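Numbered per the numbering used here, the sequence shown spans residues 209 to 793.
Quick caveat, the hints were computed from the structure, so don't treat them as lab data.
A hint or two may mislead.
[Claimed, not checked] The following label-pair restraints were derived from C-beta to C-beta distances: (1) G303 - R222: 42 to 52 Å; (2) Q644 - R330: 37 to 47 Å; (3) L433 - E291: 18 to 28 Å; (4) D577 - L433: 40 to 50 Å.
Note that the coordinates shown come from a computational prediction; the quantities given were computed from them, not determined experimentally.
Using N, Cα and C, we set each Cβ at its ideal position, and we do this for glycine too.
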Amino acid sequence: MSIGVCYFPEHWPRERWETDVRQMADAGIEYVRMAEFSWRVLEPERGAFDFEWLDEIVELVGEYGMQAVLCTPTAAPPRWLVEERPEIRQRDRDGTVRDVGSRRHYCFNSDAYREETERVVRAMADRYADDPRVVGWQTDNEYGCHGTTRCYCDDCADAFRDWVREEYETVDELNDAWGTTFWSQQYDGFEQVDLPRPTPAQDHPSMLLDFARFASDSVVEYNRLQADLLREANEEWFVTHNFMNLFESVDAYEFDEDLNLISWDSYPTGHVQQAGGETTADELRAGNPNLLSFNHDLYRSVLDRPFWVMEQQPGDVNWPPHSAQPAEGAMRLWAHHATAHGADAVVYFRWRRCLEGQEQYHAGLRKQDGTADRGYEDATRAAEELFDLDHVDAPVALLHDYENAWALGEQSHAPDFDYWQLLQSFYAPLRARGVQVDIVHPERDLESYDAVVAPTLHLATESLADRLTAYVESGGELLLGPRTGVKDTHNKLRPDLQPGPLSDLVGASVDQHESFPAQFEPTVAGTDETNAEYAFRTWAEWLEADAAEPLLEYAGDDIEGGRTAAVRNAVGEGGVVYCGVWPET
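Using the sequences and the hints given, assemble the complete structure.
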């Protein structure tokens, strides 16, 4: 287990660099991540690359016994490039151009920007291909951050039509798959397919799901361009990308063939405020441990190997609604927490609080005057204490799928129905019992797990039902949550009752469903002799048990009172439980 730091030498006088690097080494830091947003410094004008400054800092890092992790600078194309090739810019759904002035203003489907990307990445990769002090690369930065996964420019419209043509052989097949007869939305030809545009009512949910798939695929392709260039220069380098907290619009599983290391950016006191609901005083100081664990487990499980925290919160940060100082020792605690969940390195962001730009109120390990901040002491202690951990062997798998998140997000059927929060409501009780969990895609091999928890499998197929049935028959225990087996892969309601292809496995079907506003306090009761009551929220399904045994029924004397809320069915050597409510944790 190693400690690293993110450093922006271009922000500081050259005469300070060696002092900074020496202090990094004194703190026990092993990796220094650099060049993330430095395109304009590296290339002040087209073709006139200046690597001398980066050569110097890489050499210093090596002299002090550390290793450099470089970043491709494509998240922030410079002004001169935007002026030369303005077509690289993204457009919002209403056509507004996302202009230069911050970052992430480029379009993933711009042929012009892909040309520029190949040019700058190749130049950097060739420069450091034989430099032993450079051990790996991060591609770009936080793909899709600031709502930039989905672009609505003409390049994206053309690319989406091509994507649809590849998915559907004929326009009749497209009309049938999407169900465009509704509201007279049939297409006469592929050329009529467009991006989601402002409309009087909602856009078609099947089209929106495919657009989400297309947009994510566009990011994957763009990342592949960079990864291939880096490996072409030096196949010994590791290639990673820094993903984000519960980030929905990019399917991380689809990067598995292009990255040999997954990393993510951890800001516990900010992420807990993004999660919704009230933030407790403890969470404001140290974050929510279950939320933090969930991200660690997700990104470890993508490649089933150790991951990196590429940006670790070093103190107070600038972007959440409130920015309390983290608790004493919190920055050290987070490093230990990451290690326990399989992290191989924790890289603090950043070395020093900067004096300019949008992140002046973002702490570093050292203050703006160069003196040590609270995070520096924590990082130094963590570097002395951390140890390597063998592979995390989790007995439980929690099934997670970005496409389910996209489909439910477009038709949530309740304002507080959030896919990620539903997953947390099933994940948190496992962690409360000290159970290690892998968070995996439903297509993952499940044979090695004692139990599988699927908070919702909204989009369900016969092949998925067959795989889960085989798992249960061979002795596995399966827990299914609400809104499972509702739709097909095109985001259309299935013609059979929920849970659709899983009905035989579950031994029950859903007769009705309903959603509740937050002020309701519904409960369910056990059907055993204890008759214990449990709170639930947001969503309820009335089950009709067939082969299954009722486990929970709705309490109270309202219209659902006495109806079945959860069932268990014995199948082969194992069993399955279907829970038709959102459990309150």
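> When you take the CB atoms of D577 and L433, is the distance between them in 40 to 50 Å?
Replying inline: 41 Å, holds
> Cβ-Cβ distance between L433 and E291: within 18 to 28 Å?
Replying inline: Cβ of L433 to Cβ of E291: about 23 Å, so the range 18 to 28 Å holds.
> Do the Cβ positions of Q644 and R330 conform to the proposed distance bound of 37 to 47 Å?
Replying inline: 42 Å, holds
>> Between the beta carbons of G303 and R222, is the distance compatible with 42 to 52 Å?
In response: The hinted range 42 to 52 Å holds for G303 and R222, with Cβ atoms some 44 Å apart.
The earlier numbered hints are all upheld by this structure, with none contradicted.
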